[in-house]
Amino acid sequence: MRPERRLLVLYLATVAALAAVWLRVGFLQLFGHQQAVEDARTQRERLADVAAGRGRIVDATGETLAVDRAAVRLVFVPGEWASRHRYRCGACGTIIPRRDPRWAGQTTKAPTPPSRCSCGAKGQGFEPLPVEDLAPLEDAIGLPAGTLAGAADDRMRDVLDQIEIEVAEGVAGRPPGTLRALQRLRRAERGAPVPAADVIAELGPELEGRDFYAEDLRVQRRADHFGRATAMMTFHTPTGARLEVRALSPEAERILELDRDQRYRGFRTETFTERWYPRHGLLAQCIGVVSPFRSHEERLAYFKRFGRDMHLPDVRVGRLGLEAAYESVLRGTPGRARLARDEDGLFSRRTVVDAPRRGGDVTLHLRTDLCEALHHSLRAAATQEGFAGEGDASAGGILMDAETGAVLAVAEAPSFDPNGRLDEVTSRIDDDEAVAAEAVARREARGEGEPPEPPKPAVTLSRVTRLDVEPGSAMKPFSALAILGAGHPIPTHYACAGRDARVEPRFPRCHPHGPVDCVSGLAHSCNRLFADTASDRAYRAVHAVAFPTTAAAFGFGLRTGADVFGEGRGAYPATPSAPLLRQIAIGQAVLVTPLQMARACAALANGGRLPTPRFASIVDGEPVPFEAVPVELGAAALEQVRAGMRGCVTFGTARGVFDRPDLAGVTVFGKSGTATVGARDWMDGDSDWVDPDGADGSRAKGPWHLWFVGWASKPGARTVAFAVVLHSRRSGVGGEHAAPVVADLLAAWFNR
Amino acid sequence: MTLSERLRRAPWSLPVLAAALTAVGIATIATAAEGHRVPYAWLQTRWAAVGLAAALLVLAAPYGRVVSWAPVLYVLGLAALVLVLFKGTGQSAGRWIGIGSFRVQPSEFMKPILVVMLAATLRYSSEHRRLGGLVKPVALTLVPFLLVMRQPDLGTAILFVPIAFALLFGAGARLRHLAVLATGGLVAAALLALVPGVLKDYQRDRIFGFLAQHGDAKEAKALERSQNHQSYQGRIAIGLGGVTGVGDDEGGPEEASRDVPERHSDFVFAVFAAKHGFLGVTLLFVLYAAFLGALLSVASRLREPSGRFLAVGLFAMFAAQIVINLGMVAGLLPVVGVPAPFLTYGGSSLLVSWLSIGLLLAVGSDPPVEFGRTTYAD
Ligand SMILES: [Zn+2]
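For the protein sequence lines, the chains are P and B, in the order given.
Here this note's numbering is used: the first residue of the first sequence is 1, the next is one more, and so on.
Here this note's numbering is used: the first residue of the second sequence is 1001, the next is one more, and so on.
A portion of the hints provided could be inaccurate.
Claimed, not checked - Some chain P residues close to chain B (C-beta under 7 Å, calculated; not the full set):
(1) 6
(2) 11
(3) 14
(4) 16
(5) 21
(6) 24
(7) 33
(8) 166
Said to hold, decoys possible - One side of the interface only, derived from the structure: several residues of chain B facing chain P at Cβ under 10 Å:
(9) 1068
(10) 1241
(11) 1292
(12) 1327
What the hints assert, rightly or not - Each pair of labels, with its calculated beta carbon distance range:
(13) B:1188 with P:354: 55 to 61 Å
(14) B:1050 with P:110: 45 to 51 Å
(15) B:1188 with P:294: 32 to 38 Å
(16) B:1053 with P:93: 48 to 54 Å
(17) B:1229 with P:30: 21 to 27 Å
(18) B:1180 with P:224: 52 to 58 Å
(19) P:30 with B:1023: 23 to 29 Å
These aren't lab readings, by the way, just hints derived from the structure by calculation.
Source: prediction; values computed, not measured.
Don't be surprised by glycine CBs; every beta carbon is placed ideally from N, CA and C.
Make a model of the complete structure from these sequences and hints.
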């Protein structure tokens, strides 16, 4: 090839390559223009979600139990604070904000007037506007003059430090070698953040060309951070206002008024909604709480369940109780807003594209006045002199419609106020859940035959639906049904050995009483009658099947399917041995929740239908249907058990408790229970005598659980089932201490 | 020959085109650096003045002497590259060396030095027409190539390759020998890329980010955004330019290119494309093509081999930078740090470009040593 030809080839090859690039650019500009416009727009704009109002929770009478209410935040916007010096163009009147040099990384001290306006005016015609006086704002909040400006400058310094750190990290991530240098600097500073300026000074020449990148990054970070408003102060609705849920505190009203024309650059008022529980601690575990996401994992799990969701700080997730159980209804549907950058590069222009939809309301069967009565009565019983166990006095009670399973009243002690101090409450929930999970794990690890361990009472775990404990003698009606259902006649003249261990050394001992049959055995709560009959050599094998079957038919050891969050399951052995039969016959070595107990009593009351407990009556406008499963009950057996439970009230362990004028005409069927924790103490037969159900409990050692369960009817009124438990007692008996709580509750129900 | 004679004979179309490109560059940098603390356009103008002065100085010197100094220049260049490796400020490998208050990038200067050195080696020899004879020029290229790779400055190092190939091709090396060389080089490069530690992670990311661009649309987009953000932003800015450039009602070119990193330096072409649209881009390409044509016409007018090879080498240097930079901004090539001659902000690059113009002027204005052409002329 001739030399000239070679040069030509070189040139043509280059031109061909250039032509390829030219065609590519042409393609991008001629055909990719729309796409580029679109891509650029999506970079300049962000879609944000608009929080939806959360639905209300109201009781059967329409009283509000949980509601969104307005609150006001004073927020600080660094970008505005940085450009609070403004000038008015003499020609067109446009107001031009200028960056305060202190916050723009410049060394000059005072802000300078703009050099030109977009209207074309140049030079001197710019009139400085006075910087806003923050005094009225400070006055409205009751702060000393100058406080806000000082706090704002402090925040600015924090923000700038943060920007420098991020810029240094961003720059260090790019050019080779810088990261090592940064690490070395860090080590020298003992892990303290290093200003970007130091890194750049240290790296020197390497950052030529990169200093532009650092500046880019700084501009970008500044836009991000400066546009990010941070809450400075929050003003709630005045405390104590029970139903004026929309009213604001005077300070909030005042600063809203002051900020109406957004005069205070740097400070904005921001209205938001907070969750408000007008009844505070009443029903805290049952209603639950809401709080924002606390971790990325939690957010992801939530998105997985409900779909893409919002990034606003106002997002509130139901954590407990009905707030969690009805999250999907209460949460509503978030809307969408388009955020565009303003002239400061901040995403401050907001247009709502999709309006949010408020969550549905949840109406409950509960009556707050009943709950309040039960709560007072429970607290009184739980804190009676000499009854306080270790830790908080703890108790729970429930009243249920015996026909439908509608939950009419619930109360627990202790309680907590779900308003305010959300972080504390939320982390408490986490702690309590961990404790409960650990208890369940330990319980499962122990295996059958050993007494299961009930969870430690923890404040956020519901005593009614979550904590399962030994029912003690409150279980005897169901033992009787198991025995009778298996075709095993209960002795009609059983001579109890009482507390004498020489006559009958086997577990359990009993309190002194005369000869009993099934009915009086239930009424007096004879331990030996039920233990002996259950472990009878001839029927042992039959009972090993009949006891778990009957328990399962009444829902013990199974979740009830109630509309609650985190329901306790209880525990019931599947294949009990003879010694275990003696225990479960008197309600030891099994665990039940008051919810399960009230539901099982409802089945006894209604004659054989086990209802699914229901808290909500109407959800988002739709009535919630009732459900029930049939329980096969022999008529004769049911008759005997009912007679025994009636006898408990008329001549047995709870005699006299319900003989009150305010309960005239009310027929109460009940069963007391006094259960030891973990079936200890009186098992070996040698330690202090414990009368689990009798009058002679004063010498005993706790802790144990005092129960009273059953149902009550009155002509012309709904029959109601109930269960009350007082936890962790040092002494006391169910018939004497839990039954009066029930009497108060029934009086409140039938005289409402 | 007198200086005035030389000035008369010099191929003036070259500096005129180069000056036009420099002016375009300064104007574009001014747009890119709008609202910026550092006055990049002014700094670039100063460097342009320095470059122009340097070009005139070189023009005054007979290029034959420059070629005869080639080994000295080459050794000095290598020494600077070695120095930069060991005496990097901040103890990390650097690209810059401080001379007084100036900072220069030795690898930029190595480009023309390599051209001079190769021209000096090849000028009176026909060794390179044998495969064995390629060893010497290849070795001369490989030493600075590896030193610059070590810095690590993949962009500049890669430029040495087209320079060497174009020079060998222009000097008459056999095509099949060059093919053997190219194949060997590719195999070696592939091996290097697979051996860990040879390429820095960020270089590997950029290259693989580029290669992954055409995979599954959604995934590719995410990868592109994270790893090849720069290239993506460059293409958006180009696309925004449309036919006639971004109008003021759409925020102007400053707004359109605001998200492009390095928009005043390596990606300045994106700003130009956003500012002037496809019409402006076409003009710029014509300008570049004319500049390269003028450059090659200097070579074709010459019979004296060292001058001719110099012109071919500098042609290759400019052509490779232009194609690689524009191709990279347009998203046709991976993002490597190659400047667009005269457009990109950067003192060393601009100075070297203008020095090269000076050298070409000197080559073009020298009395042709036409080996008895007068005797045998018809
Ligand atoms: Zn007895």
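Verification of the hints:
Restraint check, residue 6 of chain P versus chain B: the minimum CB separation of about 6 Å is within 7 Å; hint holds. For residue 11 of chain P, the suggested interface contact is upheld, since its CB lies about 5 Å from the closest CB of chain B, less than 7 Å. Contact between residue 14 of chain P and chain B, as hinted, is supported at the beta carbon level, the nearest pair being about 4 Å apart and thus within 7 Å. Violation of the interface hint for residue 16 of chain P is found here, the shortest Cβ-Cβ separation to chain B being roughly 10 Å, above the 7 Å cut-off.
With 7 Å as the threshold, the beta carbon of residue 21 of chain P comes within range of chain B, its nearest partner Cβ sitting at about 5 Å, so the hint holds. Taking 7 Å as the C-beta cut-off, the interface hint given for residue 24 of chain P holds, the closest approach to chain B being about 5 Å. The beta carbon of residue 33 of chain P is positioned within 7 Å of a beta carbon in chain B (closest approach about 4 Å), and the interface hint is therefore held. For residue 166 of chain P, the suggested interface contact is broken, since its CB lies about 15 Å from the closest CB of chain B, more than 7 Å.
Annotation: interface hint on residue 1068 of chain B violated; nearest CB of chain P at approximately 23 Å, more than 10 Å. Look at residue 1241 of chain B: its Cβ gets to within about 5 Å of chain P, closer than 10 Å, so that hint holds up. For residue 1292 of chain B, the shortest C-beta to C-beta distance to chain P is roughly 6 Å, which falls under 10 Å, so the interface hint holds. Interface hint at residue 1327 of chain B: satisfied, since its Cβ lies 5 Å from the closest Cβ of chain P, which is below the 10 Å cut-off.
At about 58 Å, the CB distance of residue 1188 of chain B to residue 354 of chain P agrees with the hint of 55 to 61 Å. Taking 45 to 51 Å as the suggested C-beta distance range, the pair residue 1050 of chain B and residue 110 of chain P does not conform, at roughly 36 Å. At about 54 Å, the beta-carbon gap between residue 1188 of chain B and residue 294 of chain P misses the expected band of 32 to 38 Å. Judged by the Cβ atoms, the range 48 to 54 Å given for residue 1053 of chain B and residue 93 of chain P holds: they are separated by roughly 50 Å.
Take residue 1229 of chain B and residue 30 of chain P: their Cβ atoms lie about 24 Å apart, and the range 21 to 27 Å holds. Against the hinted window of 52 to 58 Å, the Cβ-Cβ separation of residue 1180 of chain B and residue 224 of chain P comes to about 54 Å, which satisfies the hint. Roughly 27 Å separates the CB atoms of residue 30 of chain P and residue 1023 of chain B, a value that falls within the hinted 23 to 29 Å.
Consistency with the previously given hints fails for numbers 4, 8, 9, 14 and 15, ordered from lowest to highest.
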